[in-house]
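Visitor: Residue numbers (the working numbering), protein chains in the order written: chain S, 1 to 186; chain Z, 1 to 158; chain E, 1 to 373; chain X, 1 to 350.
Think of the hints as simulated: they come from the structure by calculation, not from any bench.
Beta carbons are placed, not taken as given, at the ideal position from N, Cα and C, and that holds for glycine.
There may be inaccurate statements among the hints.
[Claimed, not checked] Listed below are the simulated DSS-like cross-link pairs for lysine-lysine, each with C-alpha atoms no more than 25 Å apart in a straight line:
1. E/103 with E/180
2. S/134 with E/57
3. E/103 with E/300
4. E/353 with E/103
5. Z/69 with E/300
6. E/250 with E/103
7. E/57 with Z/28
8. E/103 with Z/147
9. E/205 with Z/89
10. E/103 with Z/49
11. X/5 with X/91
[Claimed, not checked] For the chain E half of the interface with chain Z, some residues (derived, Cβ under 7 Å), not all of them:
12. 57
13. 251
14. 331
15. 333
16. 340
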Amino acid sequence: MGVNNTSEIPADFPGKVIPGGNGANILVTSLDDIINWGRANSLWSLYFGTSCCAIEMMQTGAARHDYSRFGFEVARPSPRQADLIIIAGTIVNKMAPVLRRLYDQMAEPKYVIAMGACAISGGPFYYNSYSVVKGADHVIPVDVYVPGCPPRPEALLEGMLMLQAKIKTESMNNKVFPIDGFDEGL
Amino acid sequence: MTNEALQNLISSWIPDPIAIGLEFTEEKSQFLNITVQPEQLHQLMTQLKNNPDTKFDYLFCLSGVDWGKELGVVYHLESTTHRHQLVVKVKTEDRENPTFDTVCTIWRTAEFHEREVFDFFGIQFTNHPNLKRLFLTEEWDGFPLRKDYVDEINMIIK
Amino acid sequence: MDTTPIINNFKSEEYQINMGPQHPATHGVLRLLLTIDGEIIKRVEPDLGYIHRSIEKMCERDSYQQIVHLTDRMDYLSSHINNEAVCLTVENALQLEIPERVKVIRTIIAELTRIASHTLWWGVMGMDVGALTTYFYGFRDREMINDIFEETCGARLTMNYNIPGGLMFDIHPNFVKRTKEFIAHFKTKLPEYDLLLSNNIIFRKRMEGIGILTKEDAISFGASGPVGRASGYSCDVRKHHSYSAYDKVKFNEILKTEGDTYARYQVRILEMWESLSIIEQLIDNIPEGEFFAKTNTVIKLPEGEFYQKVETARGELGVYIVSTGTKNPYRMKFRSPGFSNLSLLNHIAVGGKIGDLVATMATLDLVIPDIDR
Amino acid sequence: MNITKNIHEWLFSLMPEATASIVEMALIAVVYLLLFAVAGLYLVLLERRVAAWFQLRLGPNRVGYQGLLQTMADALKLVSKELTGTIKADKFLYNLAPYFVIVTALMAMSLFPFSEEFQAFDINIGIFFLIAISSIGVIGILLAGWSSNNKFALIGAMRSGVQTISYELSVGLSLLTMVLMTGSLQLSQIVEVQKDGWLIVQGHIPAIIAFCIYMIAGTAETNRAPFDLVEAESELGAGFHTEYSGMKFAYFFLAEFINMFIIASIATTVFFGAYLSPFGITENIPLLGVFWFLIKTLAIIFLMMWFRWTFPRLRIDQLLVLEWKYLLPLNLMNLIIMALMVLLGLTIQF
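Construct the complete structure from the given sequences, taking the supplied hints into account.
Guide: Now the structure itself:
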């Protein structure tokens, strides 16, 4: 995985390492790890599939590729209890405000996987189409992009594991909410 | 029934078909095409459906077409008993508010299809139960499938 | 002043509920404005367009090879049959002579797609009615077909195996072996479907007698595919306007007369048996020969209008091309089966309960991008 | 070897009467809360593994050894989740609803005779108290559905009200047929009577009919499939707890599994002799009572899980027809047969 969260200091580090803080954050970091471990291993996805990628998402949920091994199994119909929204399929102009409202309704530590070329950049409907939003990140901030049209179940699983790794590197005291400054295009 | 038999049968209903602008063509399509004036559309359609030996009771495709200068609607009809097929075309010159009478009183499937044609071409259908946009949002301006539709914001032409 | 006695003097007024774009039962982004009184449904008004990707506008600027790629994003569960529809229209327009081998392979893969779509429908149908395990059994069989497609066509869901003029490449050496294995496996598993769901007393009680569609209404609403055949309206395009290798195959068209939700369910289950028998008849004698008829790279259809009907898993898909002789069509219209099947939902669901509406919608087997195009 | 007895004496010797009993109560509450939490978590994991086993897949096995820590991760995540709420919701009732459901579940758990000495409250109206408690749980669901001001939640709540009121009848009546044989509502007395043969064996045919009715009504009581109309996934989305998130939702989620445990425990106590080993083979070994109790309860829980993953869902009117037109008359007739049998002394005693 691209992200390694080990914290040993590399040998050729020029400067002197000053331990951060007065040791209080040792508790915080370990609390961080526990909470992040809990969050990473029980990502409940929302029932949200718009088009063909939804079928590949259902395949990942089915018996053969089975994402319930990693704890994704409980898919919640209501956005209040879901903490991961997998945008599986094309987002159209008429659907964008609905997607934005779903995202706002979700409880706070929420993550987004843009699955499939349509969710990443409009995919095959980029040219000559008057009604497709060219990429879901015009609507909501996206954490992990899974390319493919439709991506294979293994690709979606790899995307989910990458999201787990990303959650494990989060820290509670300087938590940045992806939505702040998103509308202003920061 | 073959196309010729159909053609004679239908032209036998009306005293003189040419005078009221009813043409039969067959060359550029595999079905018999009838081009009819908007006024006689409803009357011809009801006859096509109710007449025992034509009995076109299945309207399987209703599509709006922008023929460049005029806007038109193409009806593909099929009879589930005799298994023969027919195409009825109707065209109108004025592009501001083209109106035809609805056929959804004859075939219930036309309700949705006519709403779709209105949505993409702006063709009004008189006494249609609830003629409003089906796919696009209410405040969408312009009718996308017309040839002269241009929308630079979200259409990237290649 | 109507003098009918008021039975219950608690005047219960109806209220509108929004089975919105994001709802487990709508398999995608169909929004239903339900006017309900307590649990009884008074009116269902579908609001479409949440996945309208303007495919028909795009087709006016794409060449015919590019259009084939768009069609399997429309009805992605019978994607191969959609591609076949466009290719057949183009081939008939050009009066191309298609080798026998291509027709037989197209028919086999079309029937495999139909089985894959019906197994997915059956799995999700069980989930809609509450039996959550059927989803996994349905997908187990679908995975086997996906393996066959992945090996031969290179993709699991959106295959693009058809191009105007024939097939992209020849079938994989162990395509025949794998299909035979699948047929043997599926013949033992299909009775299991009946065991688990069809003869379950709760399932039958929930399905029988609701969402009744008479034959005249089916024809007048333009219902096609299993929805029409469950009401006794014989609308199988493979029988009446046969294309590819369907005229060389003996199979019977399943017709039921009750027209209720359970009849639509049974038609699809029996259709899977028919598809199996079609594949069996063809799998052993795939004729040798070319898998591609020579066409020039830029395909220009002659002046005129062309229409081709095809029987997808959901019903009758029609491709209507108006061509002015240039390399892309002047106007292209897809007559989608789901669009007409959905239009009759209000007619059959009124008076039932919310549970009936969900069961009826499941047997209509709606794929929303196929409706919105 | 009875632990509770000597703790009891030690406490009373140490402190005056009132404080001792309060401390004892507090101690019991803490022990049962721990038991409650652990049982809840591992029941959820058991459900997901059993479901996976039915559905040809593996189920959670990556988190901790063989997935044992999976529900721990779920609990940690739910604890650290934001508690969303809607402005239009009725604030006070909205927050009160989850506690109704959890408290009733906990109160019911304290009555069960896990083994000879390991029973918190042995009140003499045991069964009656259990049935009363399980009907309070519904108020929590009704409150949740109504106060979250969401149409789907309202429909879910109304359905749960109708369902639980009608199915309480069958639960009560089927337990009543068994009480005819024991003669007392006190749970320890019931187990006492079963020393010479479990009630289901003593009462042979009517007891088996009562057990079947009880299982049907019990599954309906806990709103589990095939009667899960309250949280009908495909019809109402998330049913009555649509607007709840984070820990409030966790209460509902946990309470559903604890209710399942309670229904199974009542069945073991009344029908299968709580901690009595079959044919009295391991009577003398002291601590084995709890083991037998849990084995029987888990068997019945497995049966309820089996229901959930095979049967489709009933429609609301079929649900009521089943109760009022079929289960109720059957139950009453069964009651009369059992009464006649007890009168004529036809029950089998070992």
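Visitor: Residue 250 of chain E and residue 103 of chain E were given as a pair; does the straight-line alpha-carbon distance stay at or below 25 Å?
Guide: Judged against 25 Å, a Cα distance of about 16 Å means the pair holds.
Visitor: Hold the hint about residue 251 of chain E up to the distance rule: shortest CB distance to chain Z must be less than 7 Å.
Guide: Nearest chain Z Cβ about 19 Å off; hint violated.
Visitor: Hinted pair, alpha-carbon criterion (25 Å max): residue 103 of chain E, residue 49 of chain Z. Please report holds or violated.
Guide: violated (36 Å)
Visitor: Please verify that hint: residue 333 of chain E, Cβ, nearest Cβ of chain Z, below 7 Å or not.
Guide: holds (4 Å)
Visitor: With 7 Å as the cut and Cβ atoms as the points, is residue 331 of chain E at the interface with chain Z?
Guide: holds (5 Å)
Visitor: Take the C-alpha atoms of residue 134 of chain S and residue 57 of chain E, compute the straight-line distance between them, and say whether it is at most 25 Å.
Guide: Since the Cα atoms of residue 134 of chain S and residue 57 of chain E sit roughly 17 Å apart, the hinted pair holds (cutoff 25 Å).
Visitor: Is the shortest C-beta separation between residue 57 of chain E and chain Z less than 7 Å?
Guide: With Cβ-Cβ at 6 Å, under 7 Å, it holds.
Visitor: Is the straight-line distance between the alpha-carbon of residue 103 of chain E and that of residue 147 of chain Z 25 Å or less?
Guide: violated (37 Å)
Visitor: Hint check: residue 5 of chain X vs residue 91 of chain X, CA-CA at most 25 Å. Holds or violated?
Guide: Given pair residue 5 of chain X, residue 91 of chain X is violated - Cα atoms ~45 Å apart, limit 25 Å.
Visitor: Please work out if residue 69 of chain Z and residue 300 of chain E have their alpha carbons no farther apart than 25 Å.
Guide: holds (23 Å)
Visitor: Does residue 300 of chain E sit within 25 Å of residue 103 of chain E, going by the straight-line distance between their CA atoms?
Guide: holds (23 Å)
Visitor: Next pair to validate is residue 103 of chain E with residue 180 of chain E; report whether the Cα-Cα distance is within 25 Å.
Guide: Holds: residue 103 of chain E and residue 180 of chain E sit about 19 Å apart, inside 25 Å.
Hint check: violations occur at hints 4, 8, 9, 10, 11, 13; the rest are consistent with the structure.
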